[in-house]
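Whole structure, please, built from the sequences with the hints as guidance.
Number of protein chains: 2
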Amino acid sequence: MRRVLPAPDIAPQRLHQALRYAVLEGGKRVALAGAAVELIHAYSLVHDDLPCMDDDVLRRGKPTCHVEYDEPTALLVGDALHSLAFQVLGDYRLAEDAKTQLEMVKLLAAAAGSRGMAGGQAIDLESVGKALTVTELEFMHIHKTGAIIRASALLGARCGSGLGPRELGQLDLFAKLIGLAFQVVDDVLDAEGSTATLGKTAGKDAKDHKPTYVSAIGVARARELAQELRQNALDALAGFGERALRLRQIADFIVLRKF
Amino acid sequence: MRRVLPAPDIAPQRLHQALRYAVLEGGKRVALAGAAVELIHAYSLVHDDLPCMDDDVLRRGKPTCHVEYDEPTALLVGDALHSLAFQVLGDYRLAEDAKTQLEMVKLLAAAAGSRGMAGGQAIDLESVGKALTVTELEFMHIHKTGAIIRASALLGARCGSGLGPRELGQLDLFAKLIGLAFQVVDDVLDAEGSTATLGKTAGKDAKDHKPTYVSAIGVARARELAQELRQNALDALAGFGERALRLRQIADFIVLRKF
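So the sequence lines, in the order shown, correspond to chains G and F.
So the first sequence is numbered by our numbering: it starts at 817 and just counts up by one.
So the second sequence is numbered by our numbering: it starts at 817 and just counts up by one.
The reader is advised that the hints may include incorrect statements.
If chains are identical, the list can't say which one is meant, so a pair holds when it fits in one copy or spans any two.
Said to hold, decoys possible - Okay, derived cross-link-like pairs now, EDC-like style, lysine to aspartate or glutamate, Cα gap no bigger than 20 Å in a straight line:
1) Lys922 with Asp907
2) Lys1020 with Asp871
3) Lys922 with Glu912
4) Lys1026 with Asp988
5) Lys1026 with Asp886
6) Lys1026 with Glu887
7) Lys1020 with Asp872
8) Lys1023 with Asp871
9) Lys915 with Glu954
10) Lys878 with Asp864
11) Lys946 with Asp886
12) Lys1026 with Asp864
13) Lys922 with Glu884
14) Lys946 with Asp913
I should point out that these hints are in silico values taken from the structure, not numbers from a laboratory.
As the structure is a computational prediction, the values presented were derived from the model and not from experiment.
Here's what the structure looks like:
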C-alpha cells in the first residue's frame, strides 16, 4: 500500500499526508484483490464519517480524517483514494491479460457505484428512523457492504487461473453470505461492544436510530443468524477442497471476532 | 449519457434521480472522450458546490445538487458518478484493444486523483486569502482543471487510430494551453459577467477571497493573456492540418464565449 500511495513530500503535501493517514495503520485487509479494493473501502469510510453522513469522530482507534485534518480535505481524500483505486487497476499487471483486467475495472466500479456500495448508503440514509424487516435489512446490506465483499472475491478469482462458471457462482454465494454475516456481527458488536475493542464509537447505531439486526430480531437471534450464515457460507465452498483454506479462515475471522 | 446513467425507476430511486439531475441538461460537453470524462467532471462539480467546499447554490442555471436534494445525497451522487465513469471505461469498447483501453483507465484515474484534479482542489483550498503569482496560479490550474482537459484530449487520441509520440506531445501541449485559457476566461467572466449569463453565481471568487488571474494581473491583461494562450494553442496544432478542425473550434469556443 505504501508503494501505491503518493509520497508525503509530493505536492500537494497536506493532501498526500492525509491520504496516508486515512489508509495506513489499521483496517481489516480481508480484500483478496488487494490494494484497489482497500482504497475503495478506505474512501468510503472517510466519506461515511463526514458530518453530513454519520458524523463520527473515531475510526480504527484514531480521530477520523475530517477531525484530524478538516472537512474539505477529508472530502478530497475520499475522492483521491477513489481515483487511486482505478489507477492501480490500470497501472499494475494483475490478471493474465488486459481483457480480464478491464473486466476487473468494470466489476469494481459497478460494486462501488449507485447499484452497489453508494446505492446502499443511499438506502441506509432513507432507512434512518424506520423499522426494517430482516428482508429489507438484507437488501440494504447486500448493496452497502455486500457488493464490495463480493467484488473482492470475484476480483481475486480473476487474478489467478480461471475458475469455471459454477465455481464462480459458489464463490459469489460464499461472499454474499459472509458479507451478511459480517454485518450481523457488526450490529451485535455495536450494541454490545466497547469503543475500545471496536476502534470506532460503540452504540452509535441505536443513538442514530439506524435499523440493525439487533433492533429487528434481538441480540440472541442475531448471534444465531451469524452462525447460520457462516455455516451456509462454508457449505458454499464445499467443492473447493484445500484451495479455499484462506476463505474459510476469513469466514471464521469475520464471525468469531470479539464475539 | 442517458444510456449510461441508471434509469430513475431502479432502486435506489432517489439517488438515481439525483444522478440524472446532476448530469443531464447543460454542461459544456467539450470532453472528447465523451461520457466517462463528463461523469468525472459532473462529480467534481457536485462535490465542489458542497457547503464544506465552495458552498454554492447555483450551477448551470439550476439549484446545485445539495440544494435540490440534500447534502448527504449530493455527496453520494458525486461518489456514484465517479465510479460510473470507470464503469463506462470498463464496459464499452472504446479503443482498438483492451490494452489501450486499460491505459485510458489509468490516464483518467491519474488525471482525476491527488496529482491531478483532486490535488488541484487541495491547492485551491490552501490558496484562499493568499495573493498568488501567475506562476503559482498556473500550477494550481494545471492540476485543478488542466489535468482533466489534457486527459480528454489524450483519451480522444486513444479512441482512434494511433498518433505518434510527437503528435501526442503537440496535442498534450494544445490541451494544456487551452486549459489555462479556459481558466483565465473563467476568471474574467466571474469578475465581469452576470449570474444569468454564467449559469453560476458571479463575483464569487472575489467574495471568497480566491486568487484569480484578474486579482493577479487585472482584467485588461487577463484578456490579452487569454488571446495569447489561444494563439499558442492553435500554433501547437499547426502540423495537424484539417484533422484538428474540431479542436480549433473548441479553442475558439472556450476563449471567445461571452467575451
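Going through the hints against the structure:
no.: 1; hint: Lys922 with Asp907; in the structure: both (15 Å within a copy, 6 Å between copies)
no.: 2; hint: Lys1020 with Asp871; in the structure: within (10 Å within a copy, 29 Å between copies)
no.: 3; hint: Lys922 with Glu912; in the structure: both (16 Å within a copy, 18 Å between copies)
no.: 4; hint: Lys1026 with Asp988; in the structure: neither (28 Å within a copy, 50 Å between copies)
no.: 5; hint: Lys1026 with Asp886; in the structure: between (26 Å within a copy, 19 Å between copies)
no.: 6; hint: Lys1026 with Glu887; in the structure: between (24 Å within a copy, 18 Å between copies)
no.: 7; hint: Lys1020 with Asp872; in the structure: within (9 Å within a copy, 31 Å between copies)
no.: 8; hint: Lys1023 with Asp871; in the structure: within (12 Å within a copy, 29 Å between copies)
no.: 9; hint: Lys915 with Glu954; in the structure: neither (33 Å within a copy, 38 Å between copies)
no.: 10; hint: Lys878 with Asp864; in the structure: within (15 Å within a copy, 27 Å between copies)
no.: 11; hint: Lys946 with Asp886; in the structure: between (31 Å within a copy, 19 Å between copies)
no.: 12; hint: Lys1026 with Asp864; in the structure: within (14 Å within a copy, 29 Å between copies)
no.: 13; hint: Lys922 with Glu884; in the structure: neither (33 Å within a copy, 30 Å between copies)
no.: 14; hint: Lys946 with Asp913; in the structure: neither (47 Å within a copy, 49 Å between copies)
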